[in-house]
Amino acid sequence: DVKVTQSSRYLVKRTGEKVFLECVQDMDHENMFWYRQDPGLGLRLIYFSYDVKMKEKGDIPEGYSVSREKKERFSLILESASTNQTSMYLCASFKLAGLNEQFFGPGTRLTVL
Amino acid sequence: DQQVKQNSPSLSVQEGRISILNCDYTNSMFDYFLWYKKYPAEGPTFLISISSIKDKNEDGRFTVFLNKSAKHLSLHIVPSQPGDSAVYFCAASGWTGNQFYFGTGTSLTVIP
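Residue numbers (our numbering), protein chains in the order written: chain A, 1 to 113; chain B, 1 to 112.
Be aware that one or more of the hints could be misleading.
What the hints assert, rightly or not - Straight-line alpha carbon distances no greater than 30 Å define the calculated DSBU-like cross-link-like pairs of lysine-lysine that follow:
1. B:K37 x A:K13
2. A:K55 x B:K37
3. A:K70 x B:K71
4. B:K68 x A:K70
5. A:K57 x B:K68
6. B:K68 x A:K18
7. B:K37 x A:K71
8. B:K68 x A:K71
9. B:K5 x A:K57
10. B:K37 x A:K57
11. B:K56 x A:K55
12. A:K95 x B:K56
13. A:K18 x A:K53
14. B:K68 x A:K3
15. B:K71 x A:K18
16. B:K56 x A:K3
17. A:K57 x B:K56
Think of the hints as simulated: they come from the structure by calculation, not from any bench.
Next comes chain B alone, as it looks inside the complex (with noise of 0.2 Å):
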């Protein structure tokens, strides 16, 4: 059973726009999330993280926002550039780290 879930495979934005990616998860165990970056024939690299004590983590144009009670977080890109294209997955795991649970992924096209 999908822990984390991402229910939009797809996003178009324009470019200079917000781009907002949305994860939902099940089990409230979970304390960090994460959410990634991943081009074609390459592996995910990290993007930007936030822990359960926090709702809100800030690096550059990325922000990560967390609601706990609904079990939802969302990454918003501001502005959106076309070098963003690529798909991104949301992740989360336990206090431990030993696993680690993916979303499906959703793939962001930001049109120039």
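So here's chain A without its partners, still in its complex pose (with noise of 0.2 Å):
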């Protein structure tokens, strides 16, 4: 059965403290991606990684870097968290190679105070 984890599904930071959010599939896909889930603006791309070590950026990426050392592990990281980074973090990973679905973590729910 496929599975995609993130560390934690609920976390409560402070403003400018520096925040890791990870995600391991055992899936051994090549795709990874990071999304934000606001209410009225769907679910949001800040980054996605094709590789180990490669990364891009999506369309929200400011204010958040990602690592990507091995291929099962998406780490994403907010460098000085912000209160306008209250949000859902939803992690996805995709297998290259025809026409498939990306499968989803759980999710992070985000509170930055």
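Make the complex out of the two chains shown on their own, each in a separate frame, by following the hints.
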């Protein structure tokens, strides 16, 4: 059974803190993605990675960075958290080749105070 | 600019009736379209997909229709059940699948 896991379901941080969100997939997928979901805005792509150590900016990369040191692991980093980064963060993975769907993790609800 | 649009933020339907969720897209290069279902505090789960070479795909109570000329797709749920109450996202990608574009979601409520 395919699985995408995220390190935390709920997280509360203070403004200015460095925040790490980790995502692990066990499907040997090449592509991994980080989205944030906000009411009325849907899912917006922050960053994606198509290979180890490779990354591409999505639609809203400002204030975020990512790291992919191993194929199964994709980390999202908020260098200095701000209140406007309070959101639901969703990680997804995707197998290249053929028509496939993205598999999503359960999400991390981050609140920045 | 939003390349995939869901213009109805919410929809209420009686149990047993048909639910029709709509989605429009602007990029004619999209080749693959998907619907996801999302419950609160959970990640989206894949529901059904359709490639651009088809105009209909059916899976049990769920049918997706694609009208390429109108750049429009719809999801039909028949019959609707209370457990179908969730937010539904449509998504689209090109052939490479490197990037998926999501709509803003439609919140479906099925009234018992």
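Each hint, compared with the structure:
1. B:K37 x A:K13: The given pair, whose Cα atoms are some 29 Å apart, holds under the 30 Å limit.
2. A:K55 x B:K37: holds, 27 Å
3. A:K70 x B:K71: Violated: K70 (chain A) and K71 (chain B) sit about 38 Å apart, past 30 Å.
4. B:K68 x A:K70: violated, 39 Å
5. A:K57 x B:K68: Roughly 29 Å separates the two Cα atoms, so the pair holds.
6. B:K68 x A:K18: violated, 45 Å
7. B:K37 x A:K71: holds, 27 Å
8. B:K68 x A:K71: This hinted pair is violated, its Cα atoms lying about 36 Å apart.
9. B:K5 x A:K57: The given pair, whose Cα atoms are some 22 Å apart, holds under the 30 Å limit.
10. B:K37 x A:K57: holds, 26 Å
11. B:K56 x A:K55: violated, 35 Å
12. A:K95 x B:K56: holds, 24 Å
13. A:K18 x A:K53: holds, 21 Å
14. B:K68 x A:K3: Distance of about 33 Å is beyond 30 Å: violated.
15. B:K71 x A:K18: violated, 42 Å
16. B:K56 x A:K3: holds, 29 Å
17. A:K57 x B:K56: Violated: K57 (chain A) and K56 (chain B) sit about 34 Å apart, past 30 Å.
This entry does not satisfy hints 3, 4, 6, 8, 11, 14, 15, 17, going by the numbered hints stated previously.
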